[in-house]
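Protein chains: 2
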Amino acid sequence: MCLSTLLNPASVAIFGASRNPEKIGGRPIRFMKEMGFAGAIYPINPQHEEVQGLTCYLNLDAVPEVPDAAIIAVPKDRVLEAIEACATRGVKVCVVMASGFSEAGAEGKAAEQKMLAIAARTGMRIVGPNSQGLANFHNGAILNFSTMFIEEPPKVGPVACISQSGAMSVVPYGMLRQRGIGVGHCHATGNDADVTVSELAAEVVLDPKVKLCILYMESLRDPKNLAIAAERARERGVPIIALKSGRSAHGKRAAASHTGAIATEDRVIDAFLERHGIWRAEGTEALVQAAEIYLQGWRPTGKRIAVVSNSGATCVLSADAIERYGMELAQFSPETEESIRQVLPDFAASKNPIDITAALLTDSGLFGKVLPRTGEDAEVDILMIGIPVSGKAYDFDRFAQDTADFIRTYGKPVVLAAPQRDVRAAFARHGIPTFETEDSAIRALAQFTDHLAMMQQAPGGAVTPAQTSVAGATLDEYASLDLIAAKGVAVPLRQICGTAQDAQAFLATCPNGIVLKASSAEVPHKSEHGLVRIGLKTPEDVARNFAEIEAKMGEMGVAFEGVLAAEMLASGRELVVGGYIDPVFGPVVIVGEGGVAVEAMPDNQLLLTPFSLSDIEAALTKLRIGPLFKGVRGARPLNAQAVFQAARSVAELLGEGAVLSVDINPLITTPDGATAADALVEIRQG
Amino acid sequence: MCLSTLLNPASVAIFGASRNPEKIGGRPIRFMKEMGFAGAIYPINPQHEEVQGLTCYLNLDAVPEVPDAAIIAVPKDRVLEAIEACATRGVKVCVVMASGFSEAGAEGKAAEQKMLAIAARTGMRIVGPNSQGLANFHNGAILNFSTMFIEEPPKVGPVACISQSGAMSVVPYGMLRQRGIGVGHCHATGNDADVTVSELAAEVVLDPKVKLCILYMESLRDPKNLAIAAERARERGVPIIALKSGRSAHGKRAAASHTGAIATEDRVIDAFLERHGIWRAEGTEALVQAAEIYLQGWRPTGKRIAVVSNSGATCVLSADAIERYGMELAQFSPETEESIRQVLPDFAASKNPIDITAALLTDSGLFGKVLPRTGEDAEVDILMIGIPVSGKAYDFDRFAQDTADFIRTYGKPVVLAAPQRDVRAAFARHGIPTFETEDSAIRALAQFTDHLAMMQQAPGGAVTPAQTSVAGATLDEYASLDLIAAKGVAVPLRQICGTAQDAQAFLATCPNGIVLKASSAEVPHKSEHGLVRIGLKTPEDVARNFAEIEAKMGEMGVAFEGVLAAEMLASGRELVVGGYIDPVFGPVVIVGEGGVAVEAMPDNQLLLTPFSLSDIEAALTKLRIGPLFKGVRGARPLNAQAVFQAARSVAELLGEGAVLSVDINPLITTPDGATAADALVEIRQG
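Chains A and B, in that order, give the protein sequences. Numbered according to the working numbering, the first sequence terminates at residue 710, and the numbering increases by one at each position without gaps. Numbered according to the working numbering, the second sequence terminates at residue 710, and the numbering increases by one at each position without gaps.
Simulated from the structure, these hints should not be mistaken for lab results. These numbers come from a predicted model, not from an experiment. Be aware that a few hints might be false.
[To be verified] Under 10 Å between C-beta atoms, here's a sample of chain B residues computed to sit facing chain A: (1) 189; (2) 334; (3) 467; (4) 651; (5) 657.
Think of the CB as a built atom: it goes at the ideal place given N, C-alpha and C, for glycine as much as any other residue.
Chain A with its partners taken away, still in its complex shape (with noise of 0.2 Å):
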């Protein structure tokens, strides 16, 4: 089924209808009357004939048509009976608003996988349990019982808000209405046991009045289909902007000595919202900073920030803010700076920022007359007005007249910092952005650009189907080895000696002599233990590193499998590379820098599958090592399309199936290449 039929359906019924407009089964109702849902709404309740002026009915078949949906408005007990009625009667969707399923656990559970099992009989979708409804303001489908829609009495506009948990849902709507600002879609989809924040966001973009779409997750375990919301929100130029909690409970994965350890579950969403073009808020108020901004429609050609204000300090404060959120403060032409001097008094400031000075209080237009010169220039993308301080003597109507000018003329985005309110008003009565300090207003800016540059950049793609959790087995350093090397990665010349003798014969073999490392699946830091030698250069070297790599490993009573001899490498710098498969998005990859900082300094750069060498690049410059792959101070710069070949063996690997995780550390890196100098392969076992 489609779920548009969720946002519109033709008709409604309410179990557990209520005749109190406040209770839980009374508010849909009160709300659909009153919001002018033009559908029919059936209440049903044993108890009533008739509930809010409505006709209510006995029971779900004493209902005169099969109704598109239906609101499951009854306590927990009562909720499976309601589901089986609707599924034999053919509803195409219900709203489950009882608690006490999954989330309240192992009982709940069961019940809920009851209520899936019966509405996958007829292909009926549920929306909850645990749901607090969903609100289409645009046609009155109130199947939402939430206090706010009373608080905050609703408006129509361009925002949607979609989230798991009902307060999550209202928090924005509440914040956005008291700004003034105007909100379509307002959906709690509770438990997500079928219909998820993502399905249903894949939906609501499609409605052509959704400009700005707002959502709050606590898991994401749907990724196919938030994947196909955020591609249909790019082709319509509909930013989404997620708010997944839980940031600080997703801890480093279980404590392992291979890579996937310094991966945490965190950044891989980090890495999927980006890749798909949704900007990730930290908290609420990112959710709504720079709404206002972002209904404008406008698409800025820069962050190339001008300033213009009557505060020299605003200026400053203006400027220091521009570099904090990584935005732009614009270079004036020479033509600008020219044309402004001509205007502005012998003190004022002409270059960016621009301090108008309290002249501006004998001269109102001088306002008028700056603003179109950083409109002609190409240099400036963006417009910041800052007003500290107005007061009577200050005509802000015309500066307000005027910017909204120059927005017509130029279509250039601007936004004013004001921290007094009638200031703020008297813009806004313009439809001009307004915020109480610079600090704000560049935030805004600097979300609202970066998140465009984001949605533009987004290579999205379809969702490597997910892999359940196997039971893996780690290959030894020479079969692991072996395994990258078949993929092209280069490895040392090396052999697993069961002798000192093998191992003084294969030294003949390595003009830069050999490192001996104790050969085992079963320690994961050798190093730590002694268990690795490296520079032997002579017959006695090798013979006596042997021996006691042999007997230490004896103390350890770990069993002997042999030496794993292997060339000396040319020195360069470790990076490591690795990567596993998540559950939930498919293969990561890890490229950062290697050796004993893996751990306890990390630097390193996670992505998802696939990836180019520019991604990879792109990657390698945010490290703290990333200077190294420009040059620093003359050296040449470390062989970044090496990297990318050790890093899409990696994801060739995982992405085959057979192997669950790959480590790779060091990765020894020169100008000229890479070499694995140990590795370790985890594999499905069975």
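Assemble the complex: chain A is given as a structure, and chain B must be docked to it using the hints.
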């Protein structure tokens, strides 16, 4: 003269007094009359006999007594004449409002100097020029022309705002007043030609009615008085929050090869403010965002927060915010959890964060039952209440009352996060700090607790006298190492060798081999030019490399002053320890990762002098490579004591006055000690 006269003048004359209470010369008179100034007000204006109901005088001589203070509200070109009259008659302090002085160029600068010279004759003090004036609302001494006092009427209260900028004196004033917070002082000092923000702050924090002090500065030329202000404030427990703008303008010091180049002036300001327990606000919001919390006078026992909410989403988001802002989620004692379990319904969460759930709807008393449990638990320092949704069905007046009772009983800080205005208003009526979101609540709590901790730990101390810019000369490596060795830093055995034979003879004394380097102060980055050769172990190697260095120097046109031969050092981590003299703040010492990383991948910390071993340990902990000083993967920790020794030596050299900058890079650091492998010292010339 003590500045208290400025804040509490017995009488005030106004040059340029105006009958129009909307004019600059009229507003101060209007404000003083409206706000109950008890002293005498003497308008001076030859054109009037009466101004705003007061006798107006022809000139200062006509005034019947010598006024304590004078407001100079005449145009720029008549200021000096008025200053002259004030000095002659014995006025103690003048507030000069006209602009066009040092901020406007050389001519204005000269006039400003003249003004200071006139005042200096009699010890008269000057506020300004270019000053909006001072306002002490406690006694109505409003020597100030800001229109903001009309837009946002004053309410006497515990906050003091002191600023150079007029706008930034009244912006925090206005933001606080809009939130109902009283402001007792609002001063704008303008050009700080004589009285600075810092000196005024040192006086204002002595006012027992001041509980929070907010500063805005564009330059910090008077650190001595700011240190005094901070010390007095700490003694009285008054937090100072400072916004020092222009962070973005402070680029790195002029590029040079030595360590000084990595320290920006702005980081020195950070270090200075932290040393004196002053919180540095990043922007205007941070000046005022935690004001309600500061003003409670709370002294929390730590930063462990308990969260109580009626929404699971708020619980998760609060935990995220607690981690984001470096606070801690309190771990309840088993007794607390058990007692909460007894109060709450089965499905509610008794662990922190506590989700009371919608059960609150049916039992409004739940809230008051849960709170004392968190109050009695010694593991809880602070309580955050989150009410994301409320409506008629919730008795939030009762919740607010229960919260107020909690605060009275347990004395623990409590904040409310609630997006709905009426919920916030209910709590605010009980004086409880309220915020729109959990994010803003936790951010403010973090500022508050971190600031109190910073104040407690602040070593303070007098400011080392600044030093004017002088010419310097760079010593060569040999001489530089000599100088730091004399201060107790370990250095390698070394010798300047005029010939390869000398170097070969030196090799014989160094069992681990030697390094050869061009000996020249002219070439800073020797290794980039192939002028450093390491690990030379045979006489042949030494001879060949010696000849190559000599030839290379010839090619580069650098005078051959011999080759520095030094013993090879055991390997270790490359650190940098350096320092320079800041013209305002005195000696600055830097410790961090050394080698090529210094410039391309900076990782260093800056300290003002004096500092202790524990200060250095704290600085090392903040480095990315900090874990190496704790020991990583079984390795022994690097020797922090040896780094401290090197840093102290640098501080001593800088403190003695003959040395302008020192750069020890690399300082080869091991678990056992640290040896300077290279150094560059710049000495005062002439």
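The hints, checked one at a time:
Below 10 Å, beta-carbon pairs count as interface contacts, and residue 189/B has one with chain A at about 4 Å; its hint therefore holds. Because the beta carbon of residue 334/B sits about 8 Å from the nearest beta carbon in chain A, less than 10 Å, this interface hint is met. About 9 Å separates the beta-carbon of residue 467/B from the nearest beta-carbon of chain A, less than 10 Å, and the hint is met. Because the beta carbon of residue 651/B sits about 4 Å from the nearest beta carbon in chain A, less than 10 Å, this interface hint is met.
Taking 10 Å as the C-beta contact cut-off toward chain A, the hint placing residue 657/B at the interface holds, the least distance being around 5 Å.
Of the hints listed earlier, there is not a single one the structure fails to meet.
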